[in-house]
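Participant: Sequence:
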Amino acid sequence: MKQVFCRDLGNDCDFKAAGNLEEVMAAVAAHAEQVHKIVLNDEIIEAVKGVMKEV
Numbered sequence: 057m058k059q060v061f062c063r064d065l066g067n068d069c070d071f072k073a074a075g076n077l078e079e080v081m082a083a084v085a086a087h088a089e090q091v092h093k094i095v096l097n098d099e100i101i102e103a104v105k106g107v108m109k110e111v
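Sequential numbering from 57 applies to the sequence shown in the working numbering.
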């Protein structure tokens with residue numbers, strides 16, 4: 057299972073996504089758009105993958 061925290065990307069935010077890669081990326085995309093008003097682009101996707109941990 058993979059896990060990523062929004063704060064690992066430099067945000068003051070306690071959001072956490074966990075699951076397989078597709079589930080995590082879908083949750084991150086929805087959170088980024090709804091909470092931070094950000095649409096994921098290639099640069100952000102790579103940053104998310106860079107801080108993602110295997111748990």
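Be aware that one or more of the hints could be misleading.
Listed next, with one range per pair, are the computed distances between beta-carbon atoms [claimed, not checked]:
| # | residue 1 | residue 2 | range |
| --- | --- | --- | --- |
| 1 | E102 | F71 | 24 to 30 Å |
| 2 | M57 | I101 | 15 to 21 Å |
| 3 | K93 | M57 | 27 to 33 Å |
| 4 | D70 | I100 | 14 to 20 Å |
| 5 | K93 | F61 | 18 to 24 Å |
| 6 | E102 | E79 | 17 to 23 Å |
| 7 | A82 | G106 | 24 to 30 Å |
| 8 | R63 | E110 | 14 to 20 Å |
These aren't lab readings, by the way, just hints derived from the structure by calculation. Yeah, the Cβ is synthetic: ideal placement off N, Cα and C, and Gly gets one too.
Participant: None of the hints should be skipped; say for each whether it holds.
Facilitator: Now the hints, each set against the structure:
no.: 1; hint: E102 / F71: 24 to 30 Å; verdict: violated (19 Å)
no.: 2; hint: M57 / I101: 15 to 21 Å; verdict: holds (19 Å)
no.: 3; hint: K93 / M57: 27 to 33 Å; verdict: holds (28 Å)
no.: 4; hint: D70 / I100: 14 to 20 Å; verdict: holds (19 Å)
no.: 5; hint: K93 / F61: 18 to 24 Å; verdict: holds (19 Å)
no.: 6; hint: E102 / E79: 17 to 23 Å; verdict: holds (18 Å)
no.: 7; hint: A82 / G106: 24 to 30 Å; verdict: violated (18 Å)
no.: 8; hint: R63 / E110: 14 to 20 Å; verdict: holds (18 Å)
In summary, the structure is inconsistent with hints 1, 7 from the numbered list given earlier, while agreeing with the others.
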